[in-house]
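Novice: Those protein sequence lines, which keep their order, are chains U and L. When the letters of the first sequence are read in order and numbered with this note's numbering, they come out as residues 1 to 389. When the letters of the second sequence are read in order and numbered with this note's numbering, they come out as residues 390 to 701.
Not one of these hints is a red herring.
Pulled from the structure, derived: some chain L residues nowhere near chain U, Cβ distances all over 12 Å:
| id | residue |
| --- | --- |
| 1 | Leu458 |
| 2 | Trp540 |
| 3 | Asp581 |
Okay, the calculated bits of chain L under chain U, using three or more residues with CB under 8 Å as the criterion:
| id | region |
| --- | --- |
| 4 | 624-633 |
| 5 | 671-685 |
The calculated SDA-like cross-link candidates involving lysine to any residue, where the alpha carbons are at most 20 Å apart (straight line), are:
| id | chain 1 | residue 1 | chain 2 | residue 2 |
| --- | --- | --- | --- | --- |
| 6 | L | Lys691 | L | Asp571 |
| 7 | U | Lys192 | U | Leu174 |
| 8 | U | Lys192 | L | Thr665 |
| 9 | L | Lys691 | U | Pro244 |
FYI, nobody ran anything at the bench for these hints, they're computed from the structure. Note that the structure is predicted; figures quoted are calculated from it, not measured. Idealized CB from N, CA, C, for every residue including glycine.
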Amino acid sequence: MSTTAPDAAGMDHGAEALRADTPFERATIGLGTSLLAVVAALGLGAVILAGSGENPLTAYGAILVGSFGDWFAIGETLARAAPLAVVGVGAAVALRAGVITIGAQGQLIAGSLGALCAGFVLQDAPAVAAVPLAAVAGALFGMAWVLIPALLRAHLNVNEILSTLLFNEFAFLLLAYLLNNPLKEPKAITPKSEPLPDSVVLGDLVASTRLHAGVLAVVVIVALFALWTRSTMGYRYDLFGENPRLAHSLGIGGRRVVLNSLLISGALAGLAGWLQAAGLLQRLFVDIAEEIGFFGLVVAMLGGARPLGILAAALLVGALQAGGLHMQATEGIPASLSDVIQALILLGFAVRYAPQIAAIGRRAVRSLTDTFGAAAGWGRARGGAGGEA
Amino acid sequence: MAKLAELTFWTATISGGLRLATPLIFASLGETIAQRAGVLNIGLEGYMIIGALTSLYVTVESGIAVGLLAGALSGAVLALLMVWLCVRLNANQVVVGFGLTILGVGLTGYIFRLTTPLGAERRQVNILGEIRIPGLSDIPFLGEAFLSNSWMTWLAFGLVPVVWWLAQRTVFGLEVRAVGEDPDAAFARGVDVIRVRSLATLLSGLLGGLGGAAITTALVGVFEPAITAGRGFIALIVIIMVRWSAWGVAVGSFAFGLADALGANLRNIVSDSVPTEALQTIPFLVALIILIIGARRARMPKSLGFNYVPDR
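Kindly generate the complete structure, drawing on both the sequences and the hints.
Specialist: Structure below.
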């Protein structure tokens, strides 16, 4: 094979380069190169800061304080990480099946509209019923928003990256229309909806933070995703993502896999919209989706489309964003710096398994294991099974 | 609605369509070459926005010629990252492209906010003047609609035959198509696959940056965060639609620009009962239709999106 397939998750294409290594080396190199990517991104970020006349230490200090400095900051980080993780899981389901969707943005908007509709209908219902029904409504609306691109991809082979992108625009314009007209709170100056009825609103988990009960749903979703990756069905989807032709010959239908994985990702993006509408903001705003849809995909890519990876990546991105806003507010350094750092981390992750870079890591790990291994006896077995004669 | 039948409406819409097509033509022409060589630049949006900011900031200081050059070069710098990470180190093209888009948008947002504190005056330039063809531009309707354009627009359309010639009539063009279709065979014939792909990607960066420059210097005159508004992705749609053809790029870009201008101009003449948001969907609806039609006949370069790893 002289051409490498653009594998779905995008992060594992170096597996080949690592195949000869022991599991210990592989894990160390994986973790080490990931950390290296983060450190390198922060280093480049520091260069940009210094180059623009800002003190990198001040900036990073403010990011740290704004993301983990106190309970409020931790609440902000978690509240931001929650929808990112949910979108990330959805994107990961699709990525594993070889489908790339950047439509989470639009599906998230649809999901928040679903939560709002549920709120109108269930105004007087008990919260026990209303809250889960609102979540379901969010998921269904999100799913509905991806239905057309999914059908187009499955049946007419219309590129899903670009069609979902267009549906983001439609969703945004629809929301803008609704919030400027029928859903507008009458006296409000900026377009926003009435507050969601209490019956569907998610309560705060920790007093005086914005951390709401919805983040508990994230734990459930990630756990379900972990089960999915180990299920027969999940395995089929992985197989399709890795080798559609083999999957086809094993009777795994491409259309159904593509359609279902897109619908699942849509439902999860819709759930993230529910988290935003019923949990964090409790109203609809024009920018309710912020850029969660896009960064959710970043989270899926950074997390290697794996459950724990996604959780870690969502925390990292959530912390950078919460901290970035704090930095902007206290130090006047634009929060866009967080985006720059995230982009650099993503680029670093994309090449962390490149043979040239993995080789450096491998050399480092080997010299370490050789040193310690000789002493402790758990190092890499030298000279194969027979040992050196 | 009676105004719909008036000539002035269509004159304005067509000339507006040509204006709005300009950045798309630049970006899609470069990306056509890159995709023909097998490199998918999802980061085109990033090349464009960094070109938009750089060209404006440099034009304010040093004039339009240097500004445009700087805009193109800044796009190429981002494309250089694409070359290094994907063409050389074989990273996933979609992931890196996505990262480059975020990087471009984030970096320009950072620079803009830093140089433009709240309340401060924005850097702005006079948008480029029109070039009228003596005699022809005075033809009623046709002259006004089609032949009185910003010279950036003339440049964009002038570039179309150049790129066509480059792709179809030169050795480089042949090599580009060869490495995009079958890099192994091209390699066997002695083509330096990595070099051709690198050059093609850089070309996409240069023209992407120039496309961004067209937005700030020829269309708007100022920069604001996210000013490219997804045009990099629209360019990707145009390319699929026109099946990687340089002449097609001109037509497809004009179609999208026309829809864009139509949405904007209709706002002035329809009754207030039509929501402006509905009119704003027009260009995206057109893009969707283009995408669907394009997908039915698309025959993309065979190795598009696949990295080339020489046999070790």
